[in-house]
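**Student:** Residues per chain are reported as follows:
Number of protein chains: 2
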Amino acid sequence: MHPLDPIFKPKSIAIVGASRDPRAIGHQCVKNLLDSEYKGKIYPVNPKADEVEGLKCYHSILDIPDEVDMALIVVPAKVVPAATEECGKKGVKGLVIIASGFSEIGRKDLEDQVVQIAKKYGMRILGPNVVGVLNNPLKANASFAPYLPYPGRAAMISQSGALLIAMDARTWVDHVGISHMISIGNMSDLDFADLIEYFNGDKDTNVISLYVEGINKGRKFLDACKKSKKPIVAIKAGVSKRGASAAASHTGSLAGSAKIYEAAFKQGHVVQVENLNALFDETMALALQPPMMGDNLLIITNGGGVGVLATDAAEKYKIPLKDAPDDLKLLMRKHMPEFGSPKNPVDLTGMADRVNYEGSIKDALKHPWVDGLVVLYCETSFTDPMNIVKGIYNSIKESGVEKPVTVSLVGGERSIKAGQWLIENRVPYYSSPHAAVRAIAALRQHGKFMQKPIRDFKGYNVNKQKVDAIIAKMKSNGRKLLTEPYAKEVFAAYGLTVPKGKLAKTEEDAVKIARSLKYPLVMKIVSPDVIHKSDAGGVKVDVKNEKEVREAFREILDRVTSYDPHARIDGIYVQEMAPWGTETIIGTTNDKQFGPIVMFGLGGVFVEILKDVTFRIAPIDKEDAKDMIPEIKGYGILRGARGQKAKDIDALADAISRLSQLAWDFKDEISEIDANPVIVYEKGLCVVDARIILKDNR
Amino acid sequence: MHPLDPIFKPKSIAIVGASRDPRAIGHQCVKNLLDSEYKGKIYPVNPKADEVEGLKCYHSILDIPDEVDMALIVVPAKVVPAATEECGKKGVKGLVIIASGFSEIGRKDLEDQVVQIAKKYGMRILGPNVVGVLNNPLKANASFAPYLPYPGRAAMISQSGALLIAMDARTWVDHVGISHMISIGNMSDLDFADLIEYFNGDKDTNVISLYVEGINKGRKFLDACKKSKKPIVAIKAGVSKRGASAAASHTGSLAGSAKIYEAAFKQGHVVQVENLNALFDETMALALQPPMMGDNLLIITNGGGVGVLATDAAEKYKIPLKDAPDDLKLLMRKHMPEFGSPKNPVDLTGMADRVNYEGSIKDALKHPWVDGLVVLYCETSFTDPMNIVKGIYNSIKESGVEKPVTVSLVGGERSIKAGQWLIENRVPYYSSPHAAVRAIAALRQHGKFMQKPIRDFKGYNVNKQKVDAIIAKMKSNGRKLLTEPYAKEVFAAYGLTVPKGKLAKTEEDAVKIARSLKYPLVMKIVSPDVIHKSDAGGVKVDVKNEKEVREAFREILDRVTSYDPHARIDGIYVQEMAPWGTETIIGTTNDKQFGPIVMFGLGGVFVEILKDVTFRIAPIDKEDAKDMIPEIKGYGILRGARGQKAKDIDALADAISRLSQLAWDFKDEISEIDANPVIVYEKGLCVVDARIILKDNR
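Order-wise, the sequence lines are chains U and R.
Quick note: my numbering has the first sequence finishing at residue 698, numbered continuously throughout.
Quick note: my numbering has the second sequence finishing at residue 698, numbered continuously throughout.
Hints were generated in silico from the structure; no laboratory data involved.
Hints may be right or wrong, so weigh each one.
If chains are identical, the list can't say which one is meant, so a pair holds when it fits in one copy or spans any two.
[To be verified] Here are the simulated lysine to aspartate or glutamate pairs, EDC-like style, with alpha carbons at most 20 Å apart:
| id | residue 1 | residue 2 |
| --- | --- | --- |
| 1 | Lys316 | Glu274 |
| 2 | Lys626 | Asp204 |
| 3 | Lys259 | Glu315 |
| 4 | Lys633 | Glu608 |
| 5 | Lys464 | Glu85 |
All values reported here derive from a predicted model rather than from experimental measurement.
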């Protein structure tokens, strides 16, 4: 038995706080369980009532003669700890705490107290501040939402209670089939990760659908997603700056940056959707259809106009149409009048009837080139949409192949009815062409995820001890900023290429070091008090000979001293000047929710003006780093633009991966790493400037 | 009487090609006119029939005893010329040619023939290749679409017939009210511009809604849009590369670049929408609600979740939320429980009932800060959506102010019914929060258009004669490319700043010219055969003194001669070197549909890698050019990034406007202008390199 079975497969449910007042939530929960025809046992608990909705009511949960799997807690917040204690004594396994008034209004203390009590008894908690659990397989509406959702195979988990109730009603309109609808509330104990893990193993569920405002344990979430064999689809609310702060105040959990969530979803193989309609649309597609295992999308239509709109949508949703092979075109020709078009989209023309649809769909699905199919139909005066969709269904069935199909019917009531029939027969229907294309793009996304198995991070063989020693030394000196010589030592220990160089304490030192290096050189001030070296006049580039080394040494010291007379000066770093190449940036930060994050971007205006950067949750291996690089808008520059040769993408991916490992290995010590610029060449790269900031010691 | 009244307000309609066969379009048209209860006269015409659907059928249109305003032509393509001739003789004023088989299948000749005949008789043509005209005010379904659309005040014009029929059905589901639905077909005579002009003056219409695949007479379209006092909303199909080519094959009209249409829509004050759903949604909003005349959007919600989603959508659709003023917050506080939030979104909480909605909406609309309102409602178990929407409606009415409101109800059947009631009461309803926000963003867009009156292009005082003379000289020399000295003379004649310089024929010449200029100089080969001067070794920069002038002169000649021994060499251009600044590009092209187009972008990687450019249909004045500049992604660089001062936006706008005037004045002569780079300074700018390509002389 799974530890969450008492909550999601309860044989008996107690309602602690059951009420005789029909307006009270404690009453609705009892009534809803009865109305939904739950077959398990229902035990209302209320010290002041003997009967609720015709059921015997117990004055204490301890009075219940039978075992209780799950308790719905609907008493006021302040008595929830006592109720939890009683549940524990009774041997209840799972609590669904509907009561609100906890961390969402700043009462984290009260919430913690409840969690502690539950832990003592080995009870798991869903909530507090939830609507409840709507359980279609058990026909158990253990919530104050009015009825169970439209039955099906998607587990939908919502961080907003009001939205959950509204979506519950909407499933009946959109015919999106649901196994469980779960309000996740404050996530004091069970969170998204726990539920993903559970529903991944649930035989009644084949897709997991999330409305996410904020995730506290990002790493745990990511791991659960990675382990899921079932498709996960999610909308992240609060992707705008203001939206993020609204989400934060709304759920009491901190919503991280939209870009970090995007990265986590990508790494966790979660299909992220753009709005609420898309959440419903893509949940349906993933529940009803197989994944799309290649890029070859064919569109069949009876209207050129919707064909063009679908073509636009295909490009927008990153599954651009290609020309079909000639033999497929020849096959399509059979199913259309002379003025039809066998290209992609295949235009059967407005004259198309059921026979044309059936024939073309069957031939298309059977053709090895086709990986997925979007069927478009414009309602016409001489065809019956119901007849058309039956043709669509038959041809899919008779084709005998497992390829995804989505359908758009543009029209009125007759088309809507026909669409519902399609859905009931497991073919997703949408009212607009772009939605049908977006849905198959989600199936393609899931297919791509399946084709790219999640690997464990192996890591490079690095000199971790050396880094340990440097950090220990910095800490003992009370330093938070690793100056360049140290940062470069750290980088070198992790196998990153840095320019040859050494710290000079005196002018003579500098000359001696210069003799061991190749001109031209760069000389930079090294001081824990000077972060922006150039602003302080602390950098000299293109130093060409010994005379210039001496001049530069004096000049830098002069300038920095007049810039900040109190700056502690460690010396001047003398290094070889890296040749000209493409400037990139690799950085890491330590995110509150997700821990170490690695960032990559092009230098200069790309990062400063265009914010053209991409993120991953660290660590990532070289293969994953390679996926990051083409995500930036300026990728063309690295690929070799303006008559230049391509840059060393492999070396770059290697560097990103090594830095991500460094951030991960020292996640408790390092707050930020900034390798900027990292100059990339046709062969190899060089980390020219480096900065590492340690975490504050508490 | 308007010349198009015979088509859109016919008192009598003949159906030329009326048929007794119920499956024939020529039959359906007669039946549809009868079924729709058209009050005018209906005259079937068919040489072989005496009666169709109970109406007397005439053997020739000439036999009809009465006047005929409009004729629907449903005979085969090859007999359309003869039918047109007869209509002309009869004195018919307007033809709606449903027949297909013309330019859309390459028979432009046949189409031209029909147009010529119609012209002879002063008849206007809608079509050929149309579905017909669906006319709600007259209750005339003069088409083969099965029934009239849901009645209302939007004129919807579609370039796809199949889509029109499907959208007709859909208006009844979405409750989008339509005055006329018109299939525009091949646009052999009447095009979008004509219809926009007509419906701008039609008392039954208050918004014009377009499905556009391609426009042939771009300039005429733009002018008609500019003159429209009514909002215009449009979807451009074929915005992807493949979609554009599909659209072209589909309608026989060339679909220009998506960016050029975007520019034309912007300049014509057309609200462009992203997909078919949005076309319906925004048509409804613009038909039912006043424009939004400021940026202050308030959102009122009973669910935090949908509030966050709406906040995200507001940012996406460029109407980001701001904090409401304190007095408004105080007012909102009155309508919510203690744990509600008076911020923007205003969260009335899940406890909100009709009274809370009514009170908060009324107070919000009355508050001077609020320019527009989005009301969100999540269906709850204890509220009746119908009751809520009645409250919403009442509060809008009682507020007594004219501000736009859109509503999203998330829920099931009850919410949908309530939404329909709202629409019937002229309040647009949507099923998802992002659609409600997108709709109010369209109302804001329209408001912005209204606040920015369209000005006539006045033009600068320029030396047109000089340019005339230069172009004449080039033509007489058989030259298509204006070499740099000439191009710069042209630019100077149009008031653009170019570096001081002169053409040197000999080395001594060069030295003499150099003495009249300020060092450093740039020297460039001038040859009609060398377009890429740098590649040919034909450019020397940073020439510092007389000795270097001589060296450069010889070196350039040597290099170019060895690059191309046959190149005709006019000499070497000696000019002052422009100081370092921000590189931009201004260019013009001559678009097939729209004529001269001006383009602006930042130089270097911005244009080459990121394609970061923006377009306008030329000419534009300085004010309009100023609007272009912030549209590029790299705008931050001009505004003054990386510690630099802002660049001279005013001078840049001036240069864009002047170049657009040049392209417009010489639209019959000049094919392309390329000012690249245009270096912009804190004060002023300089066109450093210039190229003008003339049109081919036929």
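**Student:** Next, verify each hint and record whether it holds.
**Tutor:** Now for the hints, and whether the structure bears them out:
Within a single copy, Lys316 and Glu274 get their C-alpha atoms as close as 12 Å, and across copies as close as 11 Å, so both meet the 20 Å cut-off. Proximity of Lys626 and Asp204 under a CA criterion of 20 Å is satisfied in neither setting, with 37 Å inside one chain copy and 59 Å between copies. Taking the shortest alpha-carbon separations for Lys259 and Glu315, only the inter-copy value of 15 Å comes in at or below 20 Å, while the best intra-copy value is 22 Å. Taking CA atoms no more than 20 Å apart as the test, Lys633 paired with Glu608 passes in both settings, with 13 Å inside one copy and 12 Å between copies.
Within a single copy, Lys464 and Glu85 get their C-alpha atoms no closer than 48 Å, and across copies no closer than 92 Å, so neither meets the 20 Å cut-off.
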